[in-house]
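Q: Under numbering that gives the first Met the number 0, residues 0 to 193 are what the sequence shown spells out, in order.
Worth flagging that the hints you see were computed from the coordinates, not collected in a lab.
Among the hints, a few may not be true.
Unchecked claim - Computed cross-link-like contacts, DSSO-like style, restricted to lysine-lysine with a CA-CA straight-line distance of at most 27 Å: (1) K104 x K70; (2) K104 x K181; (3) K104 x K135; (4) K135 x K70; (5) K104 x K43; (6) K43 x K181; (7) K43 x K135; (8) K135 x K181; (9) K70 x K94; (10) K135 x K94.
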Amino acid sequence: MPIRTLFPTYFHESVIADAGLLDDLARSAQALATDDRAGRAWSKAHGYRGYTSYASLDDLPVRDPAFADLKRHLDREVATFAREAGMDLGGRRLKLDSLWVNVMKPGGTHSGHIHPHSVVSGTFYVAVPPGSGALKLEDPRLPMLMAAPPRDDTFVYVEPAPGTLFLWESWLRHEVMPHAGKGDRVSVSFNYRW
0 MPIRTLFPTY FHESVIADAG LLDDLARSAQ ALATDDRAGR AWSKAHGYRG YTSYASLDDL
60 PVRDPAFADL KRHLDREVAT FAREAGMDLG GRRLKLDSLW VNVMKPGGTH SGHIHPHSVV
120 SGTFYVAVPP GSGALKLEDP RLPMLMAAPP RDDTFVYVEP APGTLFLWES WLRHEVMPHA
180 GKGDRVSVSF NYRW
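Let the hints inform the model, and build the full structure from the sequences given.
A: Spelled out as structure tokens, the structure:
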């Protein structure tokens, strides 16, 4: 009997080739990193090397036209991803639940985590200096492989570039590898819910 692949893990990678959008988002991210005192305080208190609006701002697509433009792109890409992943949404669409900016300084990292209460999560990369760290994805079966021999694909590393969009199901454990480059790595992360 031939071997079949069951229960695949879906991961989407595409490029939003809009130089104007990248420039606008880069300016907006740096302005937020300067002006958002609550975000800076949260980042410092939680050991985030740089700035994130994760816990301070929840209205970026309303606040700034660059994020509204990005949301339009994301809505289309997420709808395609949900369809390709075979999600039965009963005629409904996934809805953006949260979106936040990350400005990671050299030496920064983000340990392994998932995004609870979401269906699809992802990151759009605005500025990616060489050596600023890959996204590391973990085989979701890892906790159950107790006595199994090592496998080559237990972890997958995907390298972003400016304009790269990554999407995955929110239960997929992932982490940001250490930023060993120079300059800020700027990204926008987000969650969609049903």
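Q: Would the hint linking K135 and K181 be met if the CA-CA limit is 27 Å?
A: With Cα atoms ~20 Å apart, K135 and K181 stay inside 27 Å; holds.
Q: Keeping to a limit of 27 Å between CA atoms, is the pair of K43 and K135 held or broken?
A: The given pair, whose Cα atoms are some 24 Å apart, holds under the 27 Å limit.
Q: Straight-line Cα separation of K135 and K70 no greater than 27 Å?
A: Holds - the C-alpha atoms of K70 and K135 are around 24 Å apart, at most 27 Å.
Q: Are the Cα atoms of K70 and K94 separated by 27 Å or less?
A: Within the cut-off at roughly 10 Å; holds.
Q: Checking one constraint from the list: CA of K135 to CA of K94, max 27 Å. Satisfied?
A: 25 Å, holds
Q: Would you mind confirming whether the straight-line C-alpha gap from K104 to K181 stays at or under 27 Å?
A: Holds - the C-alpha atoms of K181 and K104 are around 8 Å apart, at most 27 Å.
Q: Under the criterion that the straight-line Cα-Cα distance not exceed 27 Å, is the pair K104, K135 satisfied?
A: 18 Å, holds
Q: When you check the alpha-carbon spacing of K43 and K181, does it fall within 27 Å?
A: 20 Å, holds
Q: Mind checking the alpha carbons of K104 and K70 for me, to see if they're no more than 27 Å apart?
A: 25 Å, holds
Q: Just to be careful, I want the Cα atoms of K104 and K43 compared with a cutoff of 27 Å; is the pair within it?
A: 12 Å, holds
When held up to the earlier numbered hints, the structure conflicts with none and fits them all.
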